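Put together the whole structure using the sequences plus the hints.
So the chains spell out like this:
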Amino acid sequence: MRILLVADLHYTLPQLDWLVKVAPRYDLVVMAGDHLDIASSVPLDAQTVVMLRYMDLLKAAGRVVVSSGNHDLTGVDARGEKAALWLDDARAAGVPSDGMSLELGDTLVTICPWWDGPLGRDAVEAQLAADAARRPARWLWVYHWPPSGSPTCWTGRRDYGDADLGGWIARFAPDFVLCGHVHQPPFRHDGAWADRIGPTWVFNPGRQIGPVPAHVELDLAAGAASWRSLMGEEALDLAAPEAPPRSVF
Amino acid sequence: MDDMLSLTTHLPAVTVPAGETVIREGGRERTIWVLVQGVLNVRKGGMVVNVISQAGAVVGEISVLLGTPYGADVETATDCVLRRADDGAALLASHPAITTLVAAGLAERLNFVTSYLVDLKHQYGDAPGLAMIPDVLRELSQRQRPKAQPGSMRDPDPEY
Chain X
514 MRILLVADLH YTLPQLDWLV KVAPRYDLVV MAGDHLDIAS SVPLDAQTVV MLRYMDLLKA
574 AGRVVVSSGN HDLTGVDARG EKAALWLDDA RAAGVPSDGM SLELGDTLVT ICPWWDGPLG
634 RDAVEAQLAA DAARRPARWL WVYHWPPSGS PTCWTGRRDY GDADLGGWIA RFAPDFVLCG
694 HVHQPPFRHD GAWADRIGPT WVFNPGRQIG PVPAHVELDL AAGAASWRSL MGEEALDLAA
754 PEAPPRSVF
Chain U
1314 MDDMLSLTTH LPAVTVPAGE TVIREGGRER TIWVLVQGVL NVRKGGMVVN VISQAGAVVG
1374 EISVLLGTPY GADVETATDC VLRRADDGAA LLASHPAITT LVAAGLAERL NFVTSYLVDL
1434 KHQYGDAPGL AMIPDVLREL SQRQRPKAQP GSMRDPDPEY
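Protein chains in written order, with the working numbering: chain X, 514 to 762; chain U, 1314 to 1473.
Hints are computed from structural coordinates only; laboratory data are not their basis. Source: prediction; values computed, not measured. Fair warning: there could be bad hints in the mix.
To be verified - Straight-line Cα separation of at most 27 Å, DSSO-like style, residue types lysine-lysine; simulated pairs:
hint, chain 1, residue 1, chain 2, residue 2
1, U, K1460, U, K1434
2, U, K1357, U, K1460
3, X, K572, X, K534
4, X, K572, U, K1357
5, U, K1434, X, K534
Said to hold, decoys possible - Residues of chain U placed beyond 10 Å of chain X at every Cβ, according to the derived structure:
hint, residue
6, L1318
7, L1320
8, L1324
9, T1344
10, E1388
11, D1399
12, A1402
13, A1410
Unchecked claim - Not everything, but these chain U residues come out facing chain X in the computed CB check (under 8 Å):
hint, residue
14, V1329
15, D1400
16, P1459
17, S1465
18, M1466
19, R1467
Backbone N, C-alpha and C fix where the C-beta goes; we use that ideal spot for every residue, glycine too.
Right, here's the structure in full:
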């Protein structure tokens, strides 16, 4: 299975066009949150209309799953916490999204929403516990914010990670966690696009300017992962005990 | 500011079962409808181009304001409760707050469209082949949904 990971496109339309173009080359395209941009001059309501049309195009081009990030929150859900309410329309259109899980061959994909309060956090934990009970050979999470303490959340000045994800990784030991949120780590000396935490690989492609987003490719059959960006390319062996030294600097 | 539901309690309410056409494209009835409960589909050329679910949403007002036939079919996607103003123009003239709310709704949708266009120009320059633009514009120009509330409580930093 070949998987393409992008995150933090932040309503960058040429990058979305690129994604639609390359999607047929992959068995799965993962968009790990922050599809929208709350700092854009385009109202969030208008962005959601455009983004849902891109998701339709991506679904037609191949299999795509999307999780929410903090920029994707548009209202308060039934629990009284902020949520990406507009992704209900994506789910209705057949695009797997927040809170859903799907099995692709021997791989279980768990799509975690951005949680914004204690009830949402509990729901994510329950989702992971439920999926842990039925995990097949491989288990992959989509979760917007990388875990604290990992180089995948190093901004160049501070460790800026999710305080809860590390505990869940330790408890459930997934094979892969596909993230985004922190834009700088792959472009910083002490940061990284890949990190191995026990048996778990964590990936964060980072964010860059230009028509092609920084992205990570996973080739599960070949046991390989690679990262491509304006800085260059790096690759690693998924059987390795840790990520190799950075080479693009 | 009063909302449209509280300002139109004097209008007769009608219950319309799912699948009924409330407004037919090309019609000239000059009726304005206010959605109280349920979901409406806006259909043009046989395709659903918008879904309206916000209580207090107004439909038919553009035809009344411009003096033109209705520009799309509006049908009930679920059982709906609607308020009906047979003389739409009289409704708009009856209370400044009603006029203001209708104007604000139109202005908001116009802002969606113009902001989207300005940003397209900024992001794409003069590149051609933006096939989705007509569909997006059509949807934005008819959009009536609860306004998005951006931002995260857990990580309010807009930089990430």
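List, from low to high, the hint numbers that the structure doesn't satisfy.
14, 15
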